[in-house]
Each structure stands twice: as C-alpha cells, then as structure tokens.
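**Q** Sequence:
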Amino acid sequence: MKAVLDTNVLVSGLLKAHSHAGTIVRLVAAGLLRVVYDARILNEYREVLARPKFGIEKGERDALLAQFESEGLLVAARPLPERLPDPDDEPFLEAALAAGDAVLITGNKKHFPASACGGVTVLSPAEFLALWREKNR
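Be aware that the sequence shown starts at 2, since it is given in the working numbering, and climbs by one per residue.
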C-alpha cells in the first residue's frame, strides 16, 4: 500500500509512538507501507524534523528519511488545477495524484476539500489504520 504522509502525521508519529500516527510510522519502518513523496515534501520533512522544539535525534531523522528515499516512491508532481485552502498542503495532494493509487494521510482533513482532491482518498491516521487492517486481515 502507498501513502503520502502529511508532515503533521510524521511528527506526531515520531513524538507519540503509541498513537495512530506512531503506528503508521512503524508500518513504514517495517516496510509494510510505502511512502510517496517529491523533493518538496522530503525537504519539508528534513526542515521540520530538525526543529529543536521536537527533540528528534539526528540519527533517527536521518535513518527514517534515508528509508523514505530508498524504499519510497519519488514522484514528479504537477500543479493542482484548483488551489487548496492552505497552499503549503498542495505538494502532498499533488504527490498523491502523481502516484495514482496512493492515499493521503493527514491530521488536517479539512485542509483537503473533496472537490479539490481529484479522487484521492484523504484519511485521518485512525481512518487509515482501519482501512489498512481491513485490507490486511
């Protein structure tokens, strides 16, 4: 299964290991979920995860991002035909559209109105885990 992880899911997962987002990060680390990304997303992950306020160790950040680069799916995304309420969210939807069959996992579903998503399924971490468990029974 392929997914685009909004940065808020990645940060939450690293800070709260026993949360839904934490479970998603563990699925990625175990190779059970393939992360879809583009250069803008990877750069945002690097910048945000390095913020001192999160206290995420450099080795942990580097290992996770190296795994994304080696096992994830790098896509060449195209601009959206319709703007999102928060333009900073657009790379995530653009990457999901470029992948064709990826879901987008976010803690801010309201930032991704269905009318702008071009058929991409946008899920909260809890919704994604319910879907993942259903598909992997």
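Calculated from the structure, these hints are not laboratory results. Some clues are possibly wrong.
As the list claims (entries may be wrong) - Label pairs and their calculated CB-CB ranges:
hint, residue 1, residue 2, range
1, GLY32, THR122, 34 to 40 Å
2, ALA64, ASN9, 27 to 33 Å
3, PRO80, ALA131, 30 to 36 Å
4, ALA51, LEU75, 17 to 23 Å
5, SER116, GLY32, 17 to 23 Å
6, PRO86, GLU128, 15 to 21 Å
Note that CB positions come from ideal geometry on N, CA and C, so glycine has one too.
**Q** Against this structure, judge whether each hint is valid.
**A** Against the structure, the hints:
1. GLY32 with THR122: 34 to 40 Å: Between GLY32 and THR122, where Cβ atoms are some 22 Å apart, the hint is violated.
2. ALA64 with ASN9: 27 to 33 Å: violated (20 Å)
3. PRO80 with ALA131: 30 to 36 Å: Holds, at about 32 Å.
4. ALA51 with LEU75: 17 to 23 Å: holds (21 Å)
5. SER116 with GLY32: 17 to 23 Å: violated (35 Å)
6. PRO86 with GLU128: 15 to 21 Å: holds (20 Å)
Checked against the numbered hints given earlier, this structure breaks hints 1, 2 and 5; the rest are met.
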